[in-house]
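Place chains B, C, D, E and F on chain A using the hints.
Protein chains in written order, with this note's numbering: chain A, 1 to 157; chain B, 1 to 157; chain C, 1 to 157; chain D, 1 to 157; chain E, 1 to 157; chain F, 1 to 157.
If you are wondering where the hints come from, they were derived from the structure by calculation, not from laboratory data.
Among these hints, one or two may not hold up.
In this list, chains with the same sequence are indistinguishable; a pair is considered to hold if it fits within one copy or across any two.
To be verified - In silico lysine to aspartate or glutamate, DMTMM-like type, Cα no more than 25 Å apart, as pairs:
| hint | residue 1 | residue 2 |
| --- | --- | --- |
| 1 | K149 | E90 |
| 2 | K66 | E144 |
| 3 | K133 | D15 |
| 4 | K66 | E92 |
| 5 | K66 | D15 |
| 6 | K149 | E136 |
Number of protein chains: 6
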Amino acid sequence: AFSHLDQDGNIRMVDVSQKDDTQRRAVAVGRIAMSPETLSAVYDGSLPKGDVLAAARIAGAMAAKKTSALIPMCHLLALHAVSVVLSRNEQEHCIDITASVSCTGKTGVEMEALTAVSVAALTIYDMCKAVDKNMEIGGIMLMEKSGGKSGQYFRSS
Amino acid sequence: AFSHLDQDGNIRMVDVSQKDDTQRRAVAVGRIAMSPETLSAVYDGSLPKGDVLAAARIAGAMAAKKTSALIPMCHLLALHAVSVVLSRNEQEHCIDITASVSCTGKTGVEMEALTAVSVAALTIYDMCKAVDKNMEIGGIMLMEKSGGKSGQYFRSS
Amino acid sequence: AFSHLDQDGNIRMVDVSQKDDTQRRAVAVGRIAMSPETLSAVYDGSLPKGDVLAAARIAGAMAAKKTSALIPMCHLLALHAVSVVLSRNEQEHCIDITASVSCTGKTGVEMEALTAVSVAALTIYDMCKAVDKNMEIGGIMLMEKSGGKSGQYFRSS
Amino acid sequence: AFSHLDQDGNIRMVDVSQKDDTQRRAVAVGRIAMSPETLSAVYDGSLPKGDVLAAARIAGAMAAKKTSALIPMCHLLALHAVSVVLSRNEQEHCIDITASVSCTGKTGVEMEALTAVSVAALTIYDMCKAVDKNMEIGGIMLMEKSGGKSGQYFRSS
Amino acid sequence: AFSHLDQDGNIRMVDVSQKDDTQRRAVAVGRIAMSPETLSAVYDGSLPKGDVLAAARIAGAMAAKKTSALIPMCHLLALHAVSVVLSRNEQEHCIDITASVSCTGKTGVEMEALTAVSVAALTIYDMCKAVDKNMEIGGIMLMEKSGGKSGQYFRSS
Amino acid sequence: AFSHLDQDGNIRMVDVSQKDDTQRRAVAVGRIAMSPETLSAVYDGSLPKGDVLAAARIAGAMAAKKTSALIPMCHLLALHAVSVVLSRNEQEHCIDITASVSCTGKTGVEMEALTAVSVAALTIYDMCKAVDKNMEIGGIMLMEKSGGKSGQYFRSS
Chain A
1 AFSHLDQDGN IRMVDVSQKD DTQRRAVAVG RIAMSPETLS AVYDGSLPKG DVLAAARIAG
61 AMAAKKTSAL IPMCHLLALH AVSVVLSRNE QEHCIDITAS VSCTGKTGVE MEALTAVSVA
121 ALTIYDMCKA VDKNMEIGGI MLMEKSGGKS GQYFRSS
Chain B
1 AFSHLDQDGN IRMVDVSQKD DTQRRAVAVG RIAMSPETLS AVYDGSLPKG DVLAAARIAG
61 AMAAKKTSAL IPMCHLLALH AVSVVLSRNE QEHCIDITAS VSCTGKTGVE MEALTAVSVA
121 ALTIYDMCKA VDKNMEIGGI MLMEKSGGKS GQYFRSS
Chain C
1 AFSHLDQDGN IRMVDVSQKD DTQRRAVAVG RIAMSPETLS AVYDGSLPKG DVLAAARIAG
61 AMAAKKTSAL IPMCHLLALH AVSVVLSRNE QEHCIDITAS VSCTGKTGVE MEALTAVSVA
121 ALTIYDMCKA VDKNMEIGGI MLMEKSGGKS GQYFRSS
Chain D
1 AFSHLDQDGN IRMVDVSQKD DTQRRAVAVG RIAMSPETLS AVYDGSLPKG DVLAAARIAG
61 AMAAKKTSAL IPMCHLLALH AVSVVLSRNE QEHCIDITAS VSCTGKTGVE MEALTAVSVA
121 ALTIYDMCKA VDKNMEIGGI MLMEKSGGKS GQYFRSS
Chain E
1 AFSHLDQDGN IRMVDVSQKD DTQRRAVAVG RIAMSPETLS AVYDGSLPKG DVLAAARIAG
61 AMAAKKTSAL IPMCHLLALH AVSVVLSRNE QEHCIDITAS VSCTGKTGVE MEALTAVSVA
121 ALTIYDMCKA VDKNMEIGGI MLMEKSGGKS GQYFRSS
Chain F
1 AFSHLDQDGN IRMVDVSQKD DTQRRAVAVG RIAMSPETLS AVYDGSLPKG DVLAAARIAG
61 AMAAKKTSAL IPMCHLLALH AVSVVLSRNE QEHCIDITAS VSCTGKTGVE MEALTAVSVA
121 ALTIYDMCKA VDKNMEIGGI MLMEKSGGKS GQYFRSS
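So here's chain A without its partners, still in its complex pose (with noise of 0.2 Å):
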């Protein structure tokens, strides 16, 4: 059942030679609650924010590229595309994250979209901690998948 551990149960980077190369695309999301007070500051601030947020974007990207550094038996793939969306949640005081991964290759590339959310909430974390530490970030998870011999899928609500 679980394919990076060998009869022996000693990890392993499970082999996917036999995989076809087929194209593989992934949609993750997540979010970052904070107070009403910190998102307004984010977002209605009278600095220009264009940096605040693009740092959290161009984060998550470049996330995405270390991800097989990061998680230790994930493959190395080069990525095709990515891109990673923020956008202001004001009835639930969040930013909410949507990162999505394309490549062609032998694996999916839902670790590399699902690790481009949590380093873009981590980033928005360090930009906002100076004025609120009480910052929680969750709701990462998978919401689309597709390529590869599983087929797609598409997370049920």
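Just chains B, C, D, E and F, lined up with the frame of chain A:
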């Protein structure tokens, strides 16, 4: 308010030259929820499970050391201690993750603790994703922080 | 004369054990020249340009932190502050780049400042290369340096 | 126009899924100017100089392999060949640097060639800075590029 | 003869453009010798030993993925499988290490296998050095290699 | 006994907060054995050999700086000096490698010295593997270590 932005709103790594080197410590938590079957497979399976949980602990600790390379404006710190503790949470079908980090330095280690938790969770996701794609990572937050000018912080429940 | 070579001409990382930990600072500059149209597209376009310039500032600051991994015999330093400032130079059709770096340590931070300038320039090249392949990066030099036994240095014009 | 920005101006790693894998090649140049005495010390000194120039060649080639980790939106490419050639330019008191990079892929290798030149120059600066702080790095530009939809590019003088 | 040197003896990353993409595999071995007491403490101790041996397997596999960043002229390869197997060698008081690596590519994966063995051994040293500083790492060699123009190689004993 | 394991056998980065910052130094050795013909080709060939041996010295020193990223529970240290010395051993058909590392810190630098030796040896293997696949890396051990509570260590022969 946003210490990583200068007066024109441009991002920068904030100057900590004038801060004292003090003993710093931070504790962060998080969790990864999964189906009861997946949780049981991790903990009750016939395979030796050392490697699954060890991979998460090791990946979390290694990620703590890489924090300044992941989070754009984060200062490099020579960490003195990192531990990542995982515990089975039967009632809520999740693995609880706690990371503790300490060092002596001019900035706090909360980003290192939060990063360790996040990457430990992502590693568990990677190890178990062949059997469960619906896992959800959440509840990532700072529980306590000590050292530095701002003194002690404990998250109020 | 070449401190990175031993008496037999073999490369080594020079021993700085006997040097004092002092407050170090360095400022480096550089620029990327482009067509007036490209420069105008960066600054006057209809798109919000936060991300283009933010990417260069962020990449420059992150590269400063990676200097010891890029330059073979460079010592690792825990930087206290990094800032990368970009300014439009209408007359000479270029973007001027200034990087300031400081730390307390046994070696200077001029390589970190020069690396930040170089990678910020490369990032601008990457962002604009679809519209202009003739851009030229130049004028990368150390403007000032303080701290350490050799005292202050100011580039004479 | 700026392919790294989406329609809202948000940075992203541009999607290259639909591009063909073609043989790519790029050549970039640059130079580091120094005093005649420094140039002479590098090339005419009594010490074996293998290591000084080798360090620059090696650092440049290793940096080419790290390009996608340095430049935020750059795609990872498995490079097929990298060479960094250094030549003494007596007349203009500089070391001329030429980097050639090739691979088969969906994106060009101009950023890899430009990065190799930049880091080779920075390494020479680091090796010689104890004797000359006034060195200047410049003339970094793309000379030629082939492969891909846009066809061949040669810089016009 | 030395493929990493050009005709002038300058180092370069050898051009593999004309090589075929073939299925590659390499197996390397090595071992770390220690006192019988240390060996017994690793395998027979009262503590759960999962983490000690898991750390070595994980570090070895992660190092295999970093080979091209460690070995200057090594090509980046997207590995398809990595496994690191450790076995107690009671007679010779050592832990035997075997790493197997495979991928499809234009160059062999012997450096990846040798690097995995080396870093697994270094990790065991690190884990045990508090009780035994006399450990010795040795016997690191390539056992077999397949794929590519040169065909199969088996080490003759 | 195993300082990297907590009382439950879980891996952690051991807490060094209470250790003193002292001057640390470590010397490690190792060697790579090869055929007499290969050894002669490295040292007696008609090509300038600066780059072959320089590559090994440089790769070893750069790897010393990356030790904490390779060895899971190793602390980051800002190294003060690294040197890698290679010498031809005609009698035993090998290249002897000695790495010396020093820093001021709370933990020793033996892992850095051992890592430098290992990666220098791997680099020589890579440079020479086109002519000799039977090379063997061995004899990697700590020769001396000073600084810290445990005092001086010299390997007894």
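So, going through the hints one by one against the coordinates:
no., hint, verdict
1, K149 - E90, "neither (40 Å within a copy, 32 Å between copies)"
2, K66 - E144, "within (21 Å within a copy, 29 Å between copies)"
3, K133 - D15, "between (43 Å within a copy, 20 Å between copies)"
4, K66 - E92, "neither (31 Å within a copy, 31 Å between copies)"
5, K66 - D15, "both (20 Å within a copy, 18 Å between copies)"
6, K149 - E136, "between (36 Å within a copy, 23 Å between copies)"
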